[in-house]
Amino acid sequence: MAVLEDVTSPPATGLRPRGVSRRERWQRRLPLLPALIYTIVVTQVPFLVTLWYSFQSYFWNEPGSAHWAGVSNYKEVFTDPNFRSALVRSVTMTAIAVIVAMFLGVLLAILLDRKFYGRGVVRTLIITPFLVMPAAAALIWSGPMLDPSFGLLNWLLQPFGVHHVAWLTTHAYGSVIVVMIWQWTPFMTLIVLAGLQGQAQDILEAAKVDGASAWATFRELTLPHLRPYIELGILLGSIYLVTAFDQVRLMTNGGPGTSTTTLPFYLYQKVNFAFDIGGAAAAGVVTVILTIIVASFALRMFARVFQFEDA
Amino acid sequence: MTAITAADAPARTPRQSRRARELSGQVGWTVLGWVVGIAFFIPVLWMVITAFKPESAAETWPPQFTFSPTLSEFRLVWGGMGPFIEHSAIATAGSTVLVLVLALPAAYALSIRPVGKWRDSLFFFISTKMLPVVAAIGPLYVIALKSHLLDSIWLLIILYAAMNLPLAIWMIRSFMLEVPGEMLEAARLDGAGRIREIVEVIMPVVTPGLVSTALICVIFAWNELFLALNLTVTNAATMPMFLISSVPQEGLYIAHLSAAATVASVPVIIVGWIAQRSLVRGLSMGAIK
Amino acid sequence: MSSSRFRKRKLAVAGCVAAVVMTAAACSSGGTTASNANSNTGTVTVAVVSNPLITGQMIPLTQSVFEKENPGITVKFATYTEGDLRAAIEKDVSTHSNSFNVVMIGPYEAPLFAKNGWLVDLTKQYVASDPSYDASDLLPPVAKALSYNGDLYAAPFYGESSMLYYNKTLLAKAGVTMPAHPTWTQVAAAAAKANQPGKVAGICLRGLAGWGDNMAALDTVINTFGGEWYNQSWQAQLTSPAVTQAVNFYVNLVKSYGEPGASNDSFNQLLTLYGQGKCAMWYDATVAATSIASEFPAVYAQTGYAFAPTDKTSSSGWLWSWALGIPQGVSDQGAAWKFLSWATSKQYDTLVAQKYGWSAVPPGTRTSLYSNPDYTTAASAFAGITLQSIDSTDPDHPTVNPVPYVGIQYVDIPQFETLGLTVGQQIAGAIAGTESVSQALQAAQSAASAYTPQELSGSN
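Protein chains in written order, with the numbering used here: chain V, 1 to 311; chain B, 312 to 600; chain R, 601 to 1060.
The shape of chain V in the complex, shown without the other chains (with noise of 0.2 Å):
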């Protein structure tokens, strides 16, 4: 692949793999094949059945019915509206979700990098929500939180003049972004803080000792330093998140009418509700092919976290 020239240096332990005998080489070989090909088995050769039924029409409410469709499910799935929104929905979603819970992470971290008085408990909170079940936190939010007759978050929001609001209703999609960014935005901190502690103190004394302001010390020196985290920290919460589920599915159930319905939840209701399995395998194909394309440019950034996990 193109992108792996810029990974330049071998693993650190300098057991370099050019000039080993043959024999060497299968032995080296061997320790990798039992993950390689539980990879390849379990992954692959799903996503083959896929593209063999993405050229059938198959209807599972249908009986005795599958048969040789051509590409009728691609152009059905190129002209479906409802497809070409789901698959916007998850990008805009995931892209605010990471964006926001990344903001948010940096300004925690910096939080938690102060010392005060019951710093460890605090970040105990806050990473709270990173572990409760996703399908807990969708079914708390949904009810006890939010739900217009009896929620929470109504009855604290009452003093800033918020009457009964039905989030779930008027505002479903910043709902279930709010829900998606309250559960990651722990884990962007603690990898934004584990960046901010990895930063060397005398480099920071050195420019208080100069009279560097705080915020100039933050942005030449911090910010930069953190940068490869703050990468890190963005690409693996998108590749969770563009395929979040739970919260759609429990909160909304991608309405109401479709306006929070996401592709893994658009593919869901294709399987299991109109049982069109060749068109859900088309679009499953579609959505394959553009992550593809997505991914290289992500794999780019990972090449580059090497080169500093290395250096």
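Simulated from the structure, these hints should not be mistaken for lab results.
Be aware that a few hints might be false.
Distance ranges between label pairs, derived from CB positions [stated by the list, open to error]:
(1) Phe218/V x Gly798/R: 25 to 33 Å
(2) Leu204/V x Gln337/B: 12 to 20 Å
(3) Gly502/B x Leu290/V: 48 to 56 Å
Ideal Cβ placement from N, Cα and C applies to all residues, glycine included.
Put chains B and R on the given structure of chain V with help from the hints.
Showing chains B and R alone in chain V's frame:
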């Protein structure tokens, strides 16, 4: 310092005012820290509080903060969750063990004694993480049905392991990269073969990393919903499925749901709290020493 | 050499893991063989809807009574909300996954599944040889709706129509009296008067997206306003004047005098709201009366009942029944029938009465229940109107104009599973205000027109 007369002496010395600034700064940070911490924690706190309410006190306006706590919802949850929590435990433990068994040698083959194309292999593993399993869920159902694995705990073990494997390989690999080159050199000069190299040099350094990796795998496997929802029915239904079934079509359910959500989340929360440092190491991929 | 030992060990581990996985896969359950239809042992896995009559009665009674009387049979329940239940059952039955040996379905699925050969013919297999079951006692409209070619394919657990509940105290305060057979116009006027914004909704109506949720209520309004889904030539009619008028009426009624957040509400939420005195009126299933009686006794005492409001027709209530059927090809069919016949028998009704009182008995299935003085006294408030509502339904002729399909609050074609959901989502969007009614109906019309008349009628 020049002499200061009483008339023009400042209210405090510069050193004292710096202390005062530091102190008020720290008070400020403390207040801010606690406000933020509590704000993030409120939904979880509310979940736990509501779990102790009787149903009649759970859907009220304004929300009730004083009530007579009861364990009745927990008792109902306890009675109903048996098979679900069992399946979750087996799927989580089984898949984590499988992941470690596969990832350890693979990480070794990508770090300490690397194969020729280690970059390609690494990127291949990571690329499978980026491929959405949602795309294949229909065919996956058919494959599972035909291989008699539908609604079977083994299916979950297999799929969860595949789900966590790329992450585990990457994490363990980065922990293995921390093994000091000198120790490996010394062991080799000593005439140690691979086994001794692994047992005596690598494992002691890598073991904390293995714990973090296992922790991350446990979190993701325990919390997984999508595959369980699509591919299990009764014989392998996990805790997330139990949660969904706590939202009935009719009747009051908020307290019961909160109790179920609490019970479902508590194991991972407790483990995460205790192993915080391990979690941080794991999440930052050991890229941060 | 140590390295070759190392390699062998790795191979051995990998081989062991693979072997264990393969063996376990081969041995684990999943596929089944259709087994002896007359055994009295086995495991019965039942897919049911999550509903107080089931979670609060059927499941506990199964554990405390049925399993004790039948020690060789274990019963496992999988509970779902309505939309998920349908999806899970159809997925299971159509792919022959055989995860459930008893499925809870209704008049929509029963004829369709029977036509596809997916259900066991209960009449031929069991009922004909088991007179104690007394299938002739079943309420005729309900039994007919669950039959195909004259044979019963699902045994009703409870049956329902729809009616209007009203809080007499709240209506009296607003100066409204409710006739026994109201029109929708009268109901809308009453809702306007009884509505207290922020405190009490004039009328609570379903808005949650789903053909068994908001579309059930809306379909009855469409029917009585003179609209239909398809005309005799299978052309979609969702933008016709009658349908447009009906949908506008319903959506505006909900938005003006309905509960806040209606697009998330179905039976569950509305039962709570009504029971807490937050709805002056509530249009929903007749079976709600049973739940109001047991869960909200204070409001139950203030509740009055009226027939489903009409416009151009003399009746408009829907017809539904949650019934139990056995998919073809599952194992332990004998045990499945044992459970199924127990749960839908007269003896089961008596059991419920003993434990929970006569007014809690699952309504709408057997004629004998409605001639039982114990029941008619205990449930005097709603038994009569329930029976009359069910009797006045005619799924074969649900609309003003003739239509080529069967079904009052659904269209009994396979495509309706997804079409009903799609349209329901659009309507929920209109109720939430994220789109206008005409946009919703346009989208609904194009979804309904996506099928050719051949496709639609071929399935009939």
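Hints versus structure:
1. Phe218/V x Gly798/R: 25 to 33 Å: At 48 Å between Cβs, range violated.
2. Leu204/V x Gln337/B: 12 to 20 Å: holds, 18 Å
3. Gly502/B x Leu290/V: 48 to 56 Å: holds, 53 Å
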